[in-house]
Amino acid sequence: MFNSLKPKSSLYRSLKWLSTSAVSSKTHQKPNDYELILISSLKSAASHFSISQGQKTHCLVIKSGFISNPFIQNTLLSMYNKCGFIEEAERLFSFCPNLDPVSYNIMISGLWED
Numbered sequence: 001m002f003n004s005l006k007p008k009s010s011l012y013r014s015l016k017w018l019s020t021s022a023v024s025s026k027t028h029q030k031p032n033d034y035e036l037i038l039i040s041s042l043k044s045a046a047s048h049f050s051i052s053q054g055q056k057t058h059c060l061v062i063k064s065g066f067i068s069n070p071f072i073q074n075t076l077l078s079m080y081n082k083c084g085f086i087e088e089a090e091r092l093f094s095f096c097p098n099l100d101p102v103s104y105n106i107m108i109s110g111l112w113e114d
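The end of the sequence shown is residue 114 by this note's numbering, with every number in the run present.
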């Protein structure tokens, strides 16, 4: 029973660290490092079906200005699909400026599974 709580608590700790380092990321870290942390956080939220943590990370993506990154957009689409929030994925998809074949495949697979 306690083993099932460990991933969620580590997810919470990593998101807490991520949110506190968001301000300092522009000066202390390479942008690529911060992007990888955001992507890892979104993938972790999707694998644990933790929509609240995914939405918090989505807010950090917007605040940090990485929303136009196609890889982050695709990871967000995937996270919403895997957590069962197809409407959110569709809304995000309609506003994504940089759609690619991967984006379309993610949406098709999400709608197919729904």
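Just so you know, these hints were derived from the structure itself, not from any lab. If you're wondering where the values come from, they're calculated on a predicted model, not measured in any experiment. Just to be clear, a hint being listed does not mean it is correct.
[Unchecked claim] Lysine to aspartate or glutamate pairs mimicking EDC-like chemistry, simulated, CA-CA at most 16 Å apart:
# : residue 1 : residue 2
1 : 63        : 35
2 : 63        : 90
3 : 56        : 88
To see whether the hints hold, each was checked on the structure:
1. 63 x 35: Given pair residue 63, residue 35 holds - Cα atoms ~12 Å apart, limit 16 Å.
2. 63 x 90: violated, 21 Å
3. 56 x 88: Roughly 14 Å between the alpha carbons, so the hint for residue 56 and residue 88 holds.
Hint check: a violation occurs at hint 2 only; the rest are consistent with the structure.
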